[in-house]
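A.B. asks: Chains as they are written, first to last, in the working numbering: chain P, 175 to 670; chain V, 634 to 752; chain D, 68 to 364; chain U, 974 to 1204; chain C, 1485 to 2099.
I should point out that these hints are in silico values taken from the structure, not numbers from a laboratory. These numbers come from a predicted model, not from an experiment. Note that the Cβ used here is the ideal one computed from N, Cα and C, for glycine as well. Do not take every clue at face value.
To be verified - Estimated spans, in silico, between C-beta atoms of each pair:
(1) V448(P) / S1745(C): 37 to 45 Å
(2) D1965(C) / V332(D): 49 to 57 Å
(3) R2069(C) / E526(P): 19 to 27 Å
(4) Y205(P) / F1497(C): 30 to 38 Å
(5) V1996(C) / P106(D): 27 to 35 Å
(6) G369(P) / S976(U): 40 to 48 Å
Residue strings, one per chain:
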Amino acid sequence: MVNPVLLLAVPLGLAFLTPLLAFISDRIARYVPVAGMLFNCVVSVSLIPSVLNRPIIVQTGGFAPPFGINLVAGPLGITLAAVIALVGLAVSVYGLAYVKEGATVKYHVLYLLLLTGATGVVLTGDIFNLFVFYEILCISSYALVAYSGDKNGVEAAVKYLIQGSIGSGLALIGIAILYGVFGTLNMADIARNIGSTGILNTTLFIALAFMVAGFGVEAAVFPLNAWLPDAHSSAPAPISAILSGIAIKVGIYVVVRIVFTVFGAPSMFMLLVVIGVVTLLIGEMSAFSQNNIKRMLAYSSVGQVGLIVFALGMATTGGISGGLFQIISHALAKSLLFLATGYMIYRSGSMEISSLQGMGKRMPLTCCAFTIGAFSLVGLPPFAGFPGKFMIVRAAIAQQQHLFTFLIALVLFGTIIEACYFFRIVQAAYFTGPREEPDAGKQRREEAPLFALAPMLGLLVFIIALGVYPEPVIRLLDSCAAELLNRFDYIKGVLG
Amino acid sequence: MSFLFENSYYIAAVGLILIGLYIMAAKKNLIKVIIGLSFFETGINVLLIAAGYIRGGSAPIFSHPDMQAGKMVDPTPQALVLTAIVIGVAVLALALSLAVRLYEHHGTLNLRKIRELKW
Amino acid sequence: MVATVAQCVLLPVLGIVIGLFFLGLYRKIMARLHWRYGPPLIQPVIDILRLFFQGGMSHGAVFDFGLVLSLAGAMAIILFIPFAQWCPLQGSGGMLVILYLMLLMPLGTALSGGEAANPNASIGISRKLILALGYEVPLLLILLSVMSYYSTISIVDIVRGQQASVWALFSWPLALPGIAYILILPAVLGVRPFDTTTAPQEISSGPLVEYGGKYLAFEHIIHALSLFLGISLFVNLFLGGAANPIVFFVKILVVFVACVCINAVFPRLRIEQAVSYLWKWPTAIAFLGLVVVSLVK
Amino acid sequence: MRSLIAVILLAVIGLGLALCLSDMPFGANHIATAEKAGRHYLEKAPQETGSANVVTAVVVTYRGFDTLGEVTVLFIAAIGLGMVLYRRKKQEGKPPQPASFVLQTGCCFLFPLILILGVYIFLHGHLTPGGGFQGGVIVASGFLLAYIGCADMKIRHRWFEATESLAGSAFVIAGMAGLAAGGSFLMNFMPKGNFNTLFSAGIIPIIYIAIGLKVGAELTGLIANLLERAE
Amino acid sequence: MQIILLTSFGGAFATYLLAKISSRLRDVCAVIVSGLLVVFVALLYNKTPAATLIPSFVGAPLTVRLNMLSWFFAIAIVVVGFLSIVFSFSYIKGKERADFYYLMMLLVNAGMIGIVLSADLLTFYIFWEIMSWGAFLLISYNRGPALRAGMKYIVMSVIGSVVMLAGILSLYAVYETFVFSELAGRIASASPAYSLACASMLCIAFAIKNAVVPLHTWLPDAHSEAPAPFSAVLSGILIKMGTYGLILVLYLFVGVKLFISPTYVWRGFRFVLLVLASITILVPSFIAVMQNDAKKVLAWSSIAQAGYIILGITFGTTLGFAAGMFHFLNHATFKALLFFGIGAVEYRTKTRDLNSLGGLLKRMPITFIAVLVGTCGLIGIPLTNGFVSKWLLYKTLILEGSPFLAFIALIGTWGTILYGYKLLHHVFLGQLPEKYKNVRKAPASMQFVLIILSLAVVVLGILPGIPLKLINTIAVSMGMDSMNINIFGIASETGALNTVNILSVLAAAGIVVWIILKASKKSTRISQEDNYAAGAAIPAERYSYTVDFYNPLYRMIRRYLRDIFDEFYYWIAGRVQAFSDMVRRLYVGDVGCYAMYILLFLSALILSQVWWRVW
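Here chain P stands alone, though its shape is the one from the complex:
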């Protein structure tokens, strides 16, 4: 069995080595993220069977959990790490073709570090270590948003940076308070100290508030998500894909991990549910009348985050595994969408939806990928979005409460709006633009390069596979949900 710490150590080492490799050749340096993510992919997937039995607790420095930093490779962590590695792999391959100018080596290093940060966040069992990895994630994404150095990118990066730093500062305050109260940083230890009081006392609640508000910035729940549309729409395509596919999911993971495992705070669940619905509605509505396609996708991410948070906030096995499934399917689909959009924008030179006309002809495969991604997001079978939405709605209806009935109506309303704007784009891509003779199209093909196409098709295969046969993943996610719901098992697993 491989030690899960390698999931972090290897990419980190590779990232550090990249500048050296770049001295030899830029070309080699470009392949470093691919190698790192490939490694992570293999390792995390191979770890899944063993963590399903019992989580692997990895000590660093050889010190037992409350004293040293430990990694908790539970089902949830490894699953998310696998998703991160998978999407990261696809996007890094895409980056090989897409990232052509500028400081390419630096881009690849930062990219790899971003994903390492994300992996670290989902694996670590120490709250401050989580914060550190979270910062790795955030800071590298600040920088990457501004990668192209254009007007919008820099503006978005600045805004993202300001909001992100406020968020992480608030989170750190929360951590400080927790440390001041309990004198420990290990999440399981904190959780044990908090116990199962049900209702938190004021101090703990305020610490929780600080942490939710802080980490919530990256999770992009409603009032905290103003950076998202800017950053996602202005970043280069692979970064948008990663931000949407991975970064915000990691944010959600942190919030959920803190609320569920560390605090076990049922009073927060309802808040999550409500925030989720509000976020969903606001995201979808804002996306509804967008003309900028990337901005639209970004708002759609907001909406999806809302859906996920809503699902997770239900705190039932069905709800959580539905939410986690949605995390996975959204990660796949949204990164696919951003990747496809990247080359479409590159070819058409504009982000307006109207400029997509005739794209179905010019870049048929890319467009097909886009369409399927969009369908998956809308939740149409047989694509990955369907089981997720289905499970979420099922869980919500299974609650059999009037409040949930009302909320689920709102959620479904949001889904309808989402369908509207996605179908509009699909139409724009396929059915607008100049009519052409059937054979004339062949000369005007401007398909994306192979390196960009391959990851898209790879994601596509995953989307369809998940949509057709989601059961293994669902079974995996059920044990993830169990991990989140039974915080005492978690505590026992870590502290013995």
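Fit chains V, D, U and C to the supplied structure of chain P, relying on the hints for placement.
C.D. replies: Only chains V, D, U and C this time, still in chain P's reference frame:
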């Protein structure tokens, strides 16, 4: 008065945090906002340190063989603060570089005017 | 079996004869009311025989086909409506088949007229269909009240029901639809004041404009049959049918004469006037009738 | 208006913070029991790590993973800054104004001394206050001085990048070596040596050297990038 | 059974891939695939296989099964699907993206087959969705106004599926199963209000697909803008998937005994459905009369005819059910026939505008005959299949004491007559415009399809016993009374139907009349333009009456026939759009403001806590 005196670290920390947040929320010059960020982070660092302080403790270094563990302050927050400072520096550096870039593009650092990305 | 076939052959002929007689009678009565002498009763027969030997002009296969369809449809309906005790096809669908077969007449004519490509014909057809819609509204209500009152769709059963008790026209609540039927009868028959469809002065006799020779003869026969059908339907539904053909003939004759006499004094209505008339009182009464019937049931 | 709202919101937040802090009185001994991590470090660190400076022990061994992350953050900042300020074509600015003679001489004089101080600090990280980060910062400040004083000085970015890269890799490799030798990442697998002497505390000094070099190189890189940009 | 699904889905993709090699191969493959499906489904007659596709999907197995009901639907689907593919042959040739078109046609077909085969609601929903989005892509295929139509369709369709999802899961929440057969046994046990809520949600979803007023607004646009072969599929069978769903809900889940029982809840529910169905018959029939686009006429007519089907099915008697089912089959044949016919005309003349067409009878005789037969079926002229199903419907309505519904249905038939004749007259009769003088007749593949369907309309009209027997079996399996059926119709005490009598009488009369016509003096054949114009010269350009054909009627009824629902939906859509535009103004672009949002969120959280503590 003695309350203020006794809790001066906390007061300073909270004060710095609030001032920093205020600057970030209300000021429009990016440089000022970055300074506010710096305030904010400093405040948090102070808070961390203060949280780890034990009255009458010494620095946790066994420079003399007769030093006692019981008389030392908690070393953990100090390690944390070290990390936090470094992170703060990193963010600050990045913020400044972005500010340079932003100025090149917009010719201003007034955040109320840099609003091309909206809606 | 033989009797059935014999009836099948006999009844259409009988229908045509009576219809032609009615046509003649109609012209006679109209003339009398106008203080004219009028043509002899046999005149329509003479006309038709003469027309058959004139040939005529055809506009194409559908032109012919439409007429055939129309006439065949009209002849077929006769077999579904009891003529006194004779009703050879009573078990083949009842009232509903009659209703639908009655569509064949206007539709066949319309096809034929459409093929003629004469705007006058088209206008006439358009009017005919609108008028039909106009009287179908009350007519359907009436038929439905009768059918639901007797809980059957078989016209023979309806007749039988009336013979068992009292004529529907004189029984509560079927009197209401009966009255409504009387009000719309001229429209069903296409006689004054509801002869907008074939107004010779405005649209050159409408659908008939392109017909000549044997085609016109066919058209006349169809008209004759439609007179016969409309009245015998009324007699069967509201006047209790008849036990023997003579009584039946007397009944339809009386109804026809009354209808013509009353309506001959009205001037021709515009199509909209006609429809709005039909949709006003007759419909209201028929509707009331149906409501009452369904309440009574 | 905005200020007013901000003040009100901040008042609420301040209130919340105050409520929290009232629960953790300043200076209380919150690590009184032995299972608290802080107490454990203070009592066990000298034996377990061989480092006299407990903070160093915490930074490098107990929470070594944090430190790795921290180094990474700084690395990101350096790379990111380079990326953000990257120019497709190096534009030729006007030659900078040379500093005064006094300043130049002073800088040249102080520069090596500062470097030595920095190196001293990170070498003695496990014995005295200070450590890799602090030493690295001092090293970088030396370069800053040189930049200010000797206006025509340009550092060789490639060397610094190589240093960063090597040092970072060394950190990870040290960690991996721990994994290989002791079974867990960043394990202090080397002999502890004599307590309170320079050659003690196992891998701590090695890591601190790596960190010191790395931080120094990175901060210098940051400074150089910003300064060259400013010209 | 898996073979059917595999053939249908695999065939769709195989066709698409082969298309990349050669377009001829593609055509052949498409025909083979759809033909194979017909054979496979036909072979499964009277068999009841069942299978599991995926043992566990989201905690429930995906299962399929075949029974009489689904076989009945399946055979209609595969036949119409096959014919539409054949028809597409020449229709789509030379248009762009034909490969894609075939893929989607086959995919939609596959989806529909999946729907009727599925044995549980989850499978049903999955295939339903596949069908829905496939149809969306096909509707949008023609571009231009089709985009709007497609949008309208998919939005309503998504609303439908969302409501359906809610309904399905509400059922699941109580019964914890998706399987039809298990649900059927248990649904009566829930509280009436809850099961009513579930049933209404499902019914709303199906009503949207079935275009029941007031949820019909997508249909006229979608039908008229879709490519003609797909219009046929859409109108003939796709919207009938809603009917299938309704049958499942009303007859299987609720159970017909309960559904027509005089329970307070269900009586009201049934009443609402019946009223909606009759409105669906009445109003669209007359809106169709006013249309000037051939396919719009047919589209509105589809709504109205769907109303008959719903009326029959919701009426709930055996005869009503039989009427609905039979009318479904009939509508699949004659409406597909009409769409194909009009499609052929459109293919040749490139227009669907009724006012500019005319006189094509001379140019496209086969098409004319097909459309004539189709129209007769639509109207319900005896000897066409439409007559039989309507006869059944009226009979049961009258005899079971619902004369008002019968009245509405009958009046709807008059609307049908008006627009049916208008369609025939404007396209085929009247004067042939100059520009269509050289129109050729429809291509052979189209004629083949038209002839097959015309025959089907007539044969089913003369021998209604064949499908009725099948329907009777289905009805009995649903727990209804059996009908007394013979091959030529119905033999029962309260009114029998015998098509062979009608046929022989009509045929005899027709032959007699024909003989008389031919026997009498021969007529001269003159050209169409040789008209009586009261002595005036016949205008050279156009001498016909087409524009505002039923003008007096229009003037009388037009103001009552506004599609207020459509306007209302547009109004809602506008409101939603305006509101969402308002919502996105939240993101003002000023980062200070964003910082305030964060602080606001935090202080709200803190305040809530503090507030609570103070209390």
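A.B. asks: Give a verdict on every hint.
C.D. replies: Taking the hints in turn, this is what the structure says about them:
no., hint, verdict
1, V448(P) / S1745(C): 37 to 45 Å, "holds (42 Å)"
2, D1965(C) / V332(D): 49 to 57 Å, "holds (55 Å)"
3, R2069(C) / E526(P): 19 to 27 Å, "holds (20 Å)"
4, Y205(P) / F1497(C): 30 to 38 Å, "holds (34 Å)"
5, V1996(C) / P106(D): 27 to 35 Å, "holds (28 Å)"
6, G369(P) / S976(U): 40 to 48 Å, "holds (42 Å)"
Comparing the model with each numbered hint stated earlier shows that all of them hold.
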